[in-house]
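K.L.:
These are the residues of each chain, in order.
2 protein chains.
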Amino acid sequence: MSVKSSFSFFLSILFLSTMICAQDEDAYMVKNIHNEALSNGKAYDWLHSLCKKHGGRIAGSKAYLGAANYTKGELGKIAGVNAYLQPCEANYWQRGKLDEVSVLFKNGKKKKLNTLALGNSVATPKSGITGEVIEVNSLDDVEKLGKEKIGGKIVLFNRPMDPTQIRTFSAYGGAVDQRVYGPSKAGEYGAVAALVRSMTTRQDDVPHTGVTVYKDSLIRIPGIGISTNDADYLSQALKGGQVKVSVISGGKMMGKRSAPTVIGEIRGSDFPDEIILIGGHLDSWDVGEGAHDDGAGCVQAMEVLRILESLQYKPKRTIRCVLFSNEENGLAGGKTYAAESNAKGEFHLAAIESDAGGFSPRGFSFEADTSVFKTYYKNVNKWLPMLESYGLHFETGGSGADIGPLKSQKGLLIGLRPDSQRYFDFHHTATDTFENVNKRELELGAAAMASLVFFIDKYGIK
Amino acid sequence: MSVKSSFSFFLSILFLSTMICAQDEDAYMVKNIHNEALSNGKAYDWLHSLCKKHGGRIAGSKAYLGAANYTKGELGKIAGVNAYLQPCEANYWQRGKLDEVSVLFKNGKKKKLNTLALGNSVATPKSGITGEVIEVNSLDDVEKLGKEKIGGKIVLFNRPMDPTQIRTFSAYGGAVDQRVYGPSKAGEYGAVAALVRSMTTRQDDVPHTGVTVYKDSLIRIPGIGISTNDADYLSQALKGGQVKVSVISGGKMMGKRSAPTVIGEIRGSDFPDEIILIGGHLDSWDVGEGAHDDGAGCVQAMEVLRILESLQYKPKRTIRCVLFSNEENGLAGGKTYAAESNAKGEFHLAAIESDAGGFSPRGFSFEADTSVFKTYYKNVNKWLPMLESYGLHFETGGSGADIGPLKSQKGLLIGLRPDSQRYFDFHHTATDTFENVNKRELELGAAAMASLVFFIDKYGIK
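Just so you know, the sequences run in chain order A and B. Going by my numbering, the first residue of the first sequence is number 1, and it counts up by one from there. Going by my numbering, the first residue of the second sequence is number 1, and it counts up by one from there.
These are calculated hints, taken from the structure and not from any lab test. Treat the hints with caution; some may be incorrect.
If you want a taste of the chain A side facing chain B, the calculated C-beta under 10 angstroms gives, among others [as the list claims (entries may be wrong)]:
1) GLU36
2) GLN94
3) LYS97
4) GLN165
5) ILE166
6) GLN203
7) GLY241
8) LYS244
9) ASP419
10) GLU441
In silico EDC-like pairs for lysine to aspartate or glutamate, Cα to Cα no more than 16 angstroms straight-line [stated by the list, open to error]:
11) LYS31/A with GLU309/B
12) LYS31/B with ASP162/A
13) LYS77/B with GLU309/B
Computed from a predicted model, the values in this text were never measured in an experiment. Note that beta-carbon positions come from the ideal geometry of N, C-alpha and C, so glycine has one too.
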């Protein structure tokens, strides 16, 4: 071997050793992050307070303001974190006290159904609306049946979520148009109210709420979620002939209300202008406690800051925890945040959202502007081997609703992907409570996010 | 291009097309298996009956015999399945009606602790045993403290499961020696009873049972599981000085009882002598309903046969569903089954056990005799790309306790690996009930097993 080649060989070995050493260090950090989350985690305690003291947090409600102050206070207790509120206004909808849907039998008897008014739904007169039920499976069905058959009726949108989709979010995506646009479409064709089969693959008596959107401000009919068992009951009853129901509902829009987004950040030492965002949305529906949707995501994002601080990790880049307002009913928090960020000329190198429940993490989904996606994804993929032993995998796809408006900044948008099988058991229902979140699953999600933040902060992705 | 090379090229294309075509067909079959499990699955209904009508199925109990007859009957209803019972005898332990552990305060008051006698535990005298508590963290501690300090005491084994293990089964493996051998060891050093911290990472009031083994038939002291909250309570109390407890327990061994293993099989068309086994264990502890442990595994194994039959799949090899007896307390079912199989000169090409709960499947773990492992694993790995989109991954490691005795047949032993985070919330407790199993998670596990069985049956692994 010549001196020159010996030297090259020496350099190669040196380079290799440095690489191996860095990998060991990184693996050690990922292990420490997980140890910290699983041994000293605060996410579960935070979630308990958020659910039990500030549950049912529609943006603009008193509960929401309580939650915003509470989480801001907790973020502020983490050393090095600057916590503040970002003003935001949200259209506030309030559920009525009178909410009841009943089948009316010919003998004068009634059977109360398990229902829940959809978010934004208008009220009926106090005496209610009575009408004949007509079942449809899609918005198209309404158009095909036309005004003659839909007019004066109560439309039951009854296309189930497809149970054969392995990802339940795909099944949700394939059915939720009925809830979002169904009542509006039915109203356009002269219906007097709309019942929407709950967005779940479960057969049960639990009605699900969620946003409905009126296309035309002049034609608004009540939109009501109905449990899958009761949707099937009506469908079966219709096979026997005419079915009449009465609907009493009292929801109303209350105008704009203050609903600030909560922010806590650690300023980066070397590249403070490169922001790595972690977040979830603080608002929830009014029923249940907003545990999986999305208290879990909020406390996981908070926990990322706590873990990094407790491990005395000093980030090079700015790590910003953002608990968005009003994801459920207009996305005012996400839109306001992006607009202000753009106005300040900020750059979000990466944004990670957790808004798919506090279940066992199975990986991350990545999206970005096509002009930069390949480079980003290639760089991120280098860290995968160090995350696989934690059961984490990478995929390309969507990220999160609240961080979506940041896409124009051409950073990398990332969604935490927990196991999705149980999500729609609880989503938008009275059963979305603290008790249905498992401590370890919640903590592992936080650790997964903290690990990815660590890699992005240490190595960048550009 | 020469004629010869053109022909080679043509052959290559033909070969490639056939391969691609076979891959498409296989992917289609895997999709159909999942569709069938998720749309028409029977596992959940079977589990409901097993839990609600035959819950708490200690091998040898009436509940166990009921479960054996029920599952044999259901297997027999699947077209083409030959269902039968394999006789087996198991040592039957019965929990006493009197079971109570209380802290005795100096002022005469008592505080009842959340406890549950361990399986095989002997009874105390009816008036109970009273003694001073001494806390240890390991079997070694007992030896170090010696007879002088242990003699006459009630030993509290209080080493927690390590929460930082990502797989909870690893944490269990690191702590369960206290339950299995702790009471025996403590007795050897003169203790009068042993309390064992429950095998869970949760902090709660739920005591866990499970098997304890006496090394010496002459020295047997009662072994009692205690909830993690109460173990911590005792530990804290001991910091303030002497702590006395009274133990009343009434468990006893009832001798050998009939506890047959349940078998249902479809005979293979081409290689009937190559058996592919799928199974779980039918017995459970007496508390709870044996839902995750291991009703889930049993109904998943039954579901594999049902799915294949309903898709009109005609297996080349013999597919045998085995619901083993007495896994929890001696493994009589697994040992008897292997002995009979060996005596008949049978060969199990593969055996897949589901005994880690009815949670979202995350893959399979493979083990085999070292002489054949590499070939088998290499062949099996070819199918992985078609399973990854279902969130399934492969690893090497253990398989299942019941199929372990088959290892000498030099087939491939396989364990279904569901997500493990929630398993020890329920394991061996009164909360291991039907309600804590999610329908989709259960069904996906069955579909994963059926998919792997399909590949092994179609292609073999040798």
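K.L.:
Hint check: is the beta carbon of GLN165/A less than 10 angstroms from a beta carbon of chain B?
P.N.:
8 angstroms, holds
K.L.:
Would the hint on GLY241/A be counted as holding, given a Cβ-Cβ threshold of 10 angstroms to chain B?
P.N.:
Violated: closest Cβ of chain B sits about 29 angstroms from GLY241/A, beyond 10 angstroms.
K.L.:
Against chain B, with CB atoms and a cut of 10 angstroms, does the hint on LYS97/A hold up?
P.N.:
Cβ of LYS97/A sits 31 angstroms from chain B, so the hint is violated.
K.L.:
Please verify whether LYS31/A and GLU309/B have alpha carbons no more than 16 angstroms apart.
P.N.:
46 angstroms, violated
K.L.:
Quick check on the hint: GLN203/A CB to chain B CB, less than 10 angstroms?
P.N.:
9 angstroms, holds
K.L.:
Holds or violated: LYS31/B and ASP162/A, Cα atoms, limit 16 angstroms.
P.N.:
14 angstroms, holds
K.L.:
Given a cut of 10 angstroms on the nearest C-beta pair, is the interface hint for GLN94/A held or broken against chain B?
P.N.:
33 angstroms, violated
K.L.:
Can the hint on ILE166/A be confirmed by a CB-to-CB distance to chain B that is less than 10 angstroms?
P.N.:
Status holds, d = 6 angstroms.
K.L.:
Once the shortest beta carbon distance from GLU36/A to chain B is found, is it less than 10 angstroms?
P.N.:
Given a least distance of 9 angstroms, the restraint on GLU36/A holds.
K.L.:
Holds or violated: the hint that GLU441/A contacts chain B, with Cβ atoms closer than 10 angstroms.
P.N.:
This hint holds: GLU441/A lies near chain B, its Cβ roughly 5 angstroms from the closest one there, short of 10 angstroms.
K.L.:
Measuring from the C-beta of ASP419/A to each C-beta in chain B, is the shortest one below 10 angstroms?
P.N.:
It holds, given that the least Cβ distance between ASP419/A and chain B is near 5 angstroms, below 10 angstroms.
K.L.:
Under the criterion that the straight-line Cα-Cα distance not exceed 16 angstroms, is the pair LYS77/B, GLU309/B satisfied?
P.N.:
11 angstroms, holds
Of the numbered hints listed earlier, those contradicted by the structure are 2, 3, 7, 8, 11.
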